[in-house]
Amino acid sequence: MFKWLDPLAKPETLFHFCGKLTPWLMGSAIFTMLLGNIWGLGFTPTDYQQGDSYRIIHIHVPSAIMSMGAYMAMAIAAFTALVWQIKTAQWAVLAIAPIGAVYTAIALLTGMAWGKPMWGAWWVWDARLTSQLILLFLYFGVMALHGAFSDRQTGAKVASLLAVIGVINLPIIHFSVEWWNTLHQGATITKFGKPSIDPSMLWPLLISLLAYKLLLAALACYRLRTAILENEQHRPWVKQWVAKQ
Amino acid sequence: MVKFGVFLKRELRLLARQKSDWLNPVLFFVIVLTLFPLGVGPEPNMLRIIAPGIVWIAALLSVLLAAERLFKDDYRNGVIEQLVAARHTLLAFVLAKIASNWLSTGLPLILLAPVVALLFNMELPALQAMTLTLILGTPVLSLLSVLGAAITVSADKGGILLALLILPLYIPLLIFASAAIEAASMGLEYRGQLAVLLAIVLFSLALVPMAVCSALKINVS
Numbered sequence: 001m002f003k004w005l006d007p008l009a010k011p012e013t014l015f016h017f018c019g020k021l022t023p024w025l026m027g028s029a030i031f032t033m034l035l036g037n038i039w040g041l042g043f044t045p046t047d048y049q050q051g052d053s054y055r056i057i058h059i060h061v062p063s064a065i066m067s068m069g070a071y072m073a074m075a076i077a078a079f080t081a082l083v084w085q086i087k088t089a090q091w092a093v094l095a096i097a098p099i100g101a102v103y104t105a106i107a108l109l110t111g112m113a114w115g116k117p118m119w120g121a122w123w124v125w126d127a128r129l130t131s132q133l134i135l136l137f138l139y140f141g142v143m144a145l146h147g148a149f150s151d152r153q154t155g156a157k158v159a160s161l162l163a164v165i166g167v168i169n170l171p172i173i174h175f176s177v178e179w180w181n182t183l184h185q186g187a188t189i190t191k192f193g194k195p196s197i198d199p200s201m202l203w204p205l206l207i208s209l210l211a212y213k214l215l216l217a218a219l220a221c222y223r224l225r226t227a228i229l230e231n232e233q234h235r236p237w238v239k240q241w242v243a244k245q
Numbered sequence: 001m002v003k004f005g006v007f008l009k010r011e012l013r014l015l016a017r018q019k020s021d022w023l024n025p026v027l028f029f030v031i032v033l034t035l036f037p038l039g040v041g042p043e044p045n046m047l048r049i050i051a052p053g054i055v056w057i058a059a060l061l062s063v064l065l066a067a068e069r070l071f072k073d074d075y076r077n078g079v080i081e082q083l084v085a086a087r088h089t090l091l092a093f094v095l096a097k098i099a100s101n102w103l104s105t106g107l108p109l110i111l112l113a114p115v116v117a118l119l120f121n122m123e124l125p126a127l128q129a130m131t132l133t134l135i136l137g138t139p140v141l142s143l144l145s146v147l148g149a150a151i152t153v154s155a156d157k158g159g160i161l162l163a164l165l166i167l168p169l170y171i172p173l174l175i176f177a178s179a180a181i182e183a184a185s186m187g188l189e190y191r192g193q194l195a196v197l198l199a200i201v202l203f204s205l206a207l208v209p210m211a212v213c214s215a216l217k218i219n220v221s
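Residue numbers (the UniProt record's numbering), protein chains in the order written: chain A, 1 to 245; chain B, 1 to 221.
Treat the hints loosely; a few may be bogus.
Facing chain A, from chain B, some residues (calculated, C-beta under 10 Å) [unchecked claim]:
id : residue
1  : L95
2  : A96
3  : L147
4  : T152
5  : A155
6  : L164
7  : L167
8  : I171
9  : V201
10 : L205
11 : L207
12 : V208
13 : P209
14 : S214
15 : N219
16 : S221
To be clear, the hints were calculated from the coordinates, so they are not data collected in a lab. Since we're looking at a predicted model, the values are computed, not measured. For each residue, glycine too, the CB sits at the ideal point set by N, CA and C.
Just chain A, with the same shape it has in the complex (with noise of 0.2 Å):
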């Protein structure tokens, strides 16, 4: 695997790569996203107890799993940048981070608008509430820090550091609907043996997940191309790339 993955520590090839692999991701995240929110919100059976206000699961849902997802990966892209001195992996930590933080975002406001006719209320001081809270402090600690340094690979180092601090967080997130007894439900999907959830339901679900997903990798593709054009700017290769287009 590292024969294969090696090279892609050359921000060149890297570059190259990702401009291959994004017209793809894109095409086939519009193309899931159409397919999931469409059938999701338009032709699913209504809900027996929440009527027509369940459909927002369907981007709920989606963009909070892959709000940890992107940390995830950002963690390991920052760990991979710490221990194996990688710098593509420096700036796929920064490519992600915003991506991330936008994720988290739409999670928390989706949820405040599912709370308020569900529990009542646009915000409850719930355990799973305040840690997807601290997810997106985190997102934004990570992108300050970046910016606090005059020196920039300082930053860049320091950020990455403070994202695999924060992985921390990740289980506590998970696991808050256990750990603790929250207004909000536990899991529905992602657990062992049979979904609580209809298959008609889950179908569409499953389908904007992947779309989120494959949203995720396409942007951070294609924010991972800008930073190696800005970082690299004065490489003969960035010229000679560039003369072509």
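Following the hints, position chain B against chain A.
This is chain B only, laid out in the frame that chain A set:
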């Protein structure tokens, strides 16, 4: 261990010479506490209800106040660079920093607990719970603020950034500590919350010193 002793003695001597470094946070703690009755109103029952949260928030802020200067001088005069170059002494230095930070900011808060209980009309069980949570929780405050100080030591605008980074990490501590005091003031069992606090202390004691070392290394490289 010998090195730890040497470093600790050095830190304590520095603290003894610069009394404002540890006196100001303690004074800040007391002043923040006196602001709340003025702002919320002097109703004794109300104060008793909000006391746990207030005490802990004041503790968080005062520890944060002391955190910014923790590594600044050592960074400027090159001590940290020498220690990083010497490799194996860095961990002892970090542990001594954490210990001296706790002795200068955490310990005074624990000693002040009875006074705070008097100010807020807290009863004996609540006072006991508050003292226990402070004993278990203040080491975590020191550990995390040392971590924050190490991360931001060479940053241009360290102070406010430090607060933004570290305050979110304090949240679990705040939740369990004030839950324990609240349970105690209602006469309920609170050993569960204390056990979680103990787990947090041990966990962060195991991992934070290493993270501090690598943060210092990144900042001087």
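**Prompt:** Of the numbered hints stated previously, which ones are contradicted by the structure, given in increasing order?
**Reply:** Hints 1, 2, 9, 10, 13 are the ones this structure does not satisfy, whereas the remaining hints hold.
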